[in-house]
Amino acid sequence: MDIQQIHGVLLERFGEAAVGAAPHQATDPWIQVAPEAIVAVSRFLHDDPRMLFHHLNDLCGVDYLEPDAKKAAKFGHEPHVEVVYHLSSLKLRQQLKLKVSVPRWKDGIAGQLPVVPSVSSVWGIANWHEREAYDLVGIWFEGHPNLRRILCPEDWTGHALRKDYEFPLEYHGVRGR
Amino acid sequence: MSLVIEDPRVVEFDVQTDEMLVNMGPQHPSTHGVLRLLLRTDGEIVHECTPHIGYLHRCAEKIGENLSPPQYIPYTDRMDYLAAMNMNLGFSLTVEKLTKTKVPARGAHLRVLIAELGRIASHLVGMGAYGLDLGTFSPFLYAFREREIILDLFEEACGARLTYSYLTIGGLTHDLPEEIEIPDGLASLTGRRAGERYPFLEVLEMFLQWLEPRIWEYHTLLTRNAIFIKRTAGLGILSPEMAVSYGCTGPVLRGSGVDFDLRRDGEAIYTDMYKGYEYEIPVAPFADAPREAVVGDNWCRFYVRMMEVVQSIRLVRQAIKKYQSTPGVVRENFKLGAKLPKDEVYLETECPRGQMGFYLVGNGEGNPLRLRAKSSSFCNLSVTDRICEGVPLADVPAIVGSLDIVMGEIDR
Numbered sequence: 000m001d002i003q004q005i006h007g008v009l010l011e012r013f014g015e016a017a018v019g020a021a022p023h024q025a026t027d028p029w030i031q032v033a034p035e036a037i038v039a040v041s042r043f044l045h046d047d048p049r050m051l052f053h054h055l056n057d058l059c060g061v062d063y064l065e066p067d068a069k070k071a072a073k074f075g076h077e078p079h080v081e082v083v084y085h086l087s088s089l090k091l092r093q094q095l096k097l098k099v100s101v102p103r104w105k106d107g108i109a110g111q112l113p114v115v116p117s118v119s120s121v122w123g124i125a126n127w128h129e130r131e132a133y134d135l136v137g138i139w140f141e142g143h144p145n146l147r148r149i150l151c152p153e154d155w156t157g158h159a160l161r162k163d164y165e166f167p168l169e170y171h172g173v174r175g176r
Numbered sequence: 000m001s002l003v004i005e006d007p008r009v010v011e012f013d014v015q016t017d018e019m020l021v022n023m024g025p026q027h028p029s030t031h032g033v034l035r036l037l038l039r040t041d042g043e044i045v046h047e048c049t050p051h052i053g054y055l056h057r058c059a060e061k062i063g064e065n066l067s068p069p070q071y072i073p074y075t076d077r078m079d080y081l082a083a084m085n086m087n088l089g090f091s092l093t094v095e096k097l098t099k100t101k102v103p104a105r106g107a108h109l110r111v112l113i114a115e116l117g118r119i120a121s122h123l124v125g126m127g128a129y130g131l132d133l134g135t136f137s138p139f140l141y142a143f144r145e146r147e148i149i150l151d152l153f154e155e156a157c158g159a160r161l162t163y164s165y166l167t168i169g170g171l172t173h174d175l176p177e178e179i180e181i182p183d184g185l186a187s188l189t190g191r192r193a194g195e196r197y198p199f200l201e202v203l204e205m206f207l208q209w210l211e212p213r214i215w216e217y218h219t220l221l222t223r224n225a226i227f228i229k230r231t232a233g234l235g236i237l238s239p240e241m242a243v244s245y246g247c248t249g250p251v252l253r254g255s256g257v258d259f260d261l262r263r264d265g266e267a268i269y270t271d272m273y274k275g276y277e278y279e280i281p282v283a284p285f286a287d288a289p290r291e292a293v294v295g296d297n298w299c300r301f302y303v304r305m306m307e308v309v310q311s312i313r314l315v316r317q318a319i320k321k322y323q324s325t326p327g328v329v330r331e332n333f334k335l336g337a338k339l340p341k342d343e344v345y346l347e348t349e350c351p352r353g354q355m356g357f358y359l360v361g362n363g364e365g366n367p368l369r370l371r372a373k374s375s376s377f378c379n380l381s382v383t384d385r386i387c388e389g390v391p392l393a394d395v396p397a398i399v400g401s402l403d404i405v406m407g408e409i410d411r
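Quick mapping for you: the protein sequence lines, in order, are chains A and B. Numbered as in numbering that gives the first Met the number 0, the first sequence ends at 176 without a single skipped number. Numbered as in numbering that gives the first Met the number 0, the second sequence ends at 411 without a single skipped number.
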């Protein structure tokens, strides 16, 4: 099935509010999924005999922000954070890309992490990928069994892949710059 | 001093065998680098095994956001440093997919040649180091003797022995040298005088001819060794369902009996390189496996790697022929300051340790907006806490070693 057909099936089952009117066209086209629908859509894509997306290749967060005020006008994206899911089916040899978009901070309060439901109940590997996305991009995955930092130490502050991340000047007596 | 204990419960408490937390690593020699395993043990039995990673974390993804793709190539070397050529290839292909750069045919054949040699070198380390984990030293020495010659050849080709940056965007930095001095190791092994000069491809063919029968010697030395079979067969069994759910790839996935290899099943930009090549993809179960072996155990994962070396030798031989018969240049020019289009691509390639993926988001500037490196060892390692449950403590290195992880790639 190509992405148009997959989107058609999803549209019929979940509605336009959940999966958008049409897939986004790009070199790798993707389907934009509403945050609250991501677990149900993932579960369906995993279980449905036409889909069988048993393999989660990658899950990562992307921060869209241009911290430089001069360049911000040309940036072309509203400030937001995306979670990108790359799925593939080893049996049916098909691939799919999903995206979930959330504001950079929950309720617009700086420091309040945006919330995305966790898909770790669908794919085992999502557990570690979500921990990494939480650690580096700063996304809170609701329903994750063990959402701790994975690459940085537990007492690290900030999320390094945020565009406005400030490099720490000092960590436990080690000078940063 | 009298030893009268009035409360009998105290005695009971004294002899009770408590669960104990054991820290294995980050400096333990059999954890392949700075991996820390936190083991909850009851006597000899491991109840829980929690990997702690990040000791080598450099946030290579953040560095990538501040560099243009050609400048980032050396950083990919330092991810999986045992198969740096394959990492260069994966990243270069991703940028080529984004910028729609075409690689000349001669360059594509040379890439196959180099990448498969890199796979042989990496699997030789995998074999040798796995022997070390299980307490046998000699296969390690043999593996490094062979790997040394490959590194010598790479040094003649590009000047570096570990971090090559040879495969670059648009092809390779330069063509192979015409004539080289035969590497000292190969000269002494094949009875030639050191310092004699031969054409590069002749030296390579000399090496392959010498290596091929050695693979079967390693099987008698290690793979068919009774102790080795006792330590690996039937242990650390990873079911195909769990392997797929935990994102395991490469030899770990094929050792569990899932027939999937990106060289055959991947995206067109990658599989086109391997079109016209003849090779097999070794997948468990094996007809010649020992009786004790089960699909998905340590032995099968190890054997997949060994069989892949044989297939890689076949591929290198074919690549030599195709490379020789294709004239032209090996690189399409890619401008250093070229602007990346407003597009995003994801591409996975079959590295020796599994499917290494790069996700690149361009935004009309020279530097990417986001560069994500999805590590294959990272996913392979995530399954340890599931397959190490209830095994004796001494089997933990055998199981972790069979996943053949490289910490530089996991921590990035």
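Worth flagging that the hints you see were computed from the coordinates, not collected in a lab. Be aware that a few hints might be false.
Said to hold, decoys possible - Simulated pairs of lysine-lysine, DSSO-like, Cα-Cα distance not exceeding 30 Å: (1) A:Lys69 with B:Lys274; (2) A:Lys98 with B:Lys61; (3) A:Lys73 with B:Lys334; (4) B:Lys229 with A:Lys98; (5) B:Lys321 with A:Lys98.
Proposed proximity, Lys274 (chain B) with Lys69 (chain A) (alpha carbon, max 30 Å): violated, 48 Å
Satisfaction of hint between Lys98 (chain A) and Lys321 (chain B), Cα-Cα up to 30 Å: Between Lys321 (chain B) and Lys98 (chain A) the Cα gap is close to 42 Å, so the pair fails against 30 Å, i.e. violated.
Holds or violated: Lys98 (chain A) to Lys61 (chain B), with C-alpha atoms at most 30 Å apart: holds, 21 Å
Given pair status - Lys98 (chain A), Lys229 (chain B), alpha carbons within 30 Å: Violated - the C-alpha atoms of Lys98 (chain A) and Lys229 (chain B) are around 47 Å apart, more than 30 Å.
Pairwise hint evaluation, Lys334 (chain B) against Lys73 (chain A), where the allowed Cα distance is 30 Å at most: Status holds; Cα separation ~23 Å.
When held up to the earlier numbered hints, the structure conflicts with 1, 4 and 5 and fits the remainder.
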